[in-house]
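All chains should be built: construct the whole structure from the sequences, respecting the hints.
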Amino acid sequence: MNKKEMWNKIEKTNLLPLAFLGDSLHTLYVRQKCLSLSCTKMANYHHESAKYCKASAQARALDKIMPLLNSQETEIVRRARNAHPKHSAKNASGKDYNMATAFEALIGYLYLTEQTNRLNEFLEISTSEE
Numbered sequence: 015m016n017k018k019e020m021w022n023k024i025e026k027t028n029l030l031p032l033a034f035l036g037d038s039l040h041t042l043y044v045r046q047k048c049l050s051l052s053c054t055k056m057a058n059y060h061h062e063s064a065k066y067c068k069a070s071a072q073a074r075a076l077d078k079i080m081p082l083l084n085s086q087e088t089e090i091v092r093r094a095r096n097a098h099p100k101h102s103a104k105n106a107s108g109k110d111y112n113m114a115t116a117f118e119a120l121i122g123y124l125y126l127t128e129q130t131n132r133l134n135e136f137l138e139i140s141t142s143e144e
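Sequential numbering of the sequence shown, starting at 15, is according to our numbering.
A couple of the hints might just be wrong.
[Said to hold, decoys possible] Straight line, CA to CA, 20 Å or less: simulated DMTMM-like cross-link-like pairs of lysine to aspartate or glutamate:
no., residue 1, residue 2
1, Lys65, Glu138
2, Lys78, Asp110
3, Lys47, Asp110
4, Lys109, Glu89
5, Lys47, Glu143
6, Lys68, Asp110
7, Lys78, Asp37
8, Lys68, Glu128
9, Lys109, Glu62
[Said to hold, decoys possible] Okay, the calculated beta carbon distance ranges per label pair:
no., residue 1, residue 2, range
10, Ser85, Thr130, 13 to 23 Å
11, Tyr59, Glu138, 32 to 42 Å
12, Arg74, Ala97, 13 to 23 Å
13, Leu51, His98, 31 to 41 Å
14, Ser52, Gln86, 32 to 42 Å
15, Met80, Asn105, 22 to 32 Å
16, Leu39, Ser85, 19 to 29 Å
None of these hints come from the bench; they were simulated from the model. The structure displayed is predicted, hence computed values, not measured ones. Just so it is clear, CB atoms sit at the ideal spot from N, CA and C, and this is done for glycine as well.
What follows is the structure, given as structure tokens:
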């Protein structure tokens, strides 16, 4: 499927499955990055990765990348943010949870449309300390 066909399909679908995929991709990226640390205990890896994988951190990451988005990416974020999942995070505000869902959907979208450079750029921003 080419990018135009993929976009047409994405335009007509529920974006929550993209968020499901994006969450997995982001978690994998963060965990790989944490392996470069010299932790001596598994709990340290978990603690370090949890800083970036929680809803509030993903919401902050989306805030950082919003000015960089093109029109299609902005539309993905808008639609995913306004999606109505059947559950919410137990340790996050509703706003942060919606923003995190939008971030995850964007990551899933970039992956499925094979926009690797863009995907890597946003993943790197999501773990930057700025």
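To see whether the hints hold, each was checked on the structure:
1. Lys65 x Glu138: 14 Å, holds
2. Lys78 x Asp110: 14 Å, holds
3. Lys47 x Asp110: Given that 20 Å is the threshold and the Cα spacing comes to 23 Å, the pair is violated.
4. Lys109 x Glu89: 18 Å, holds
5. Lys47 x Glu143: Satisfied, since the Cα-Cα distance of roughly 13 Å is no more than 20 Å.
6. Lys68 x Asp110: Given pair Lys68, Asp110 holds - Cα atoms ~9 Å apart, limit 20 Å.
7. Lys78 x Asp37: Given pair Lys78, Asp37 holds - Cα atoms ~18 Å apart, limit 20 Å.
8. Lys68 x Glu128: 25 Å, violated
9. Lys109 x Glu62: With Cα atoms ~23 Å apart, Lys109 and Glu62 exceed 20 Å; violated.
10. Ser85 x Thr130: 13 to 23 Å: With Cβ atoms ~20 Å apart, the hint holds.
11. Tyr59 x Glu138: 32 to 42 Å: Distance hint for Tyr59, Glu138 is violated at roughly 19 Å.
12. Arg74 x Ala97: 13 to 23 Å: 20 Å, holds
13. Leu51 x His98: 31 to 41 Å: 37 Å, holds
14. Ser52 x Gln86: 32 to 42 Å: Given a distance of about 40 Å, which is inside 32 to 42 Å, the answer is holds.
15. Met80 x Asn105: 22 to 32 Å: Holds, since Met80 and Asn105 (Cβ atoms, about 23 Å apart) stay within the stated range.
16. Leu39 x Ser85: 19 to 29 Å: Holds - the Cβ-Cβ distance for Leu39 and Ser85, about 22 Å, lies within 19 to 29 Å.
Consistency note: the structure conflicts with the earlier hints numbered 3, 8, 9, 11.
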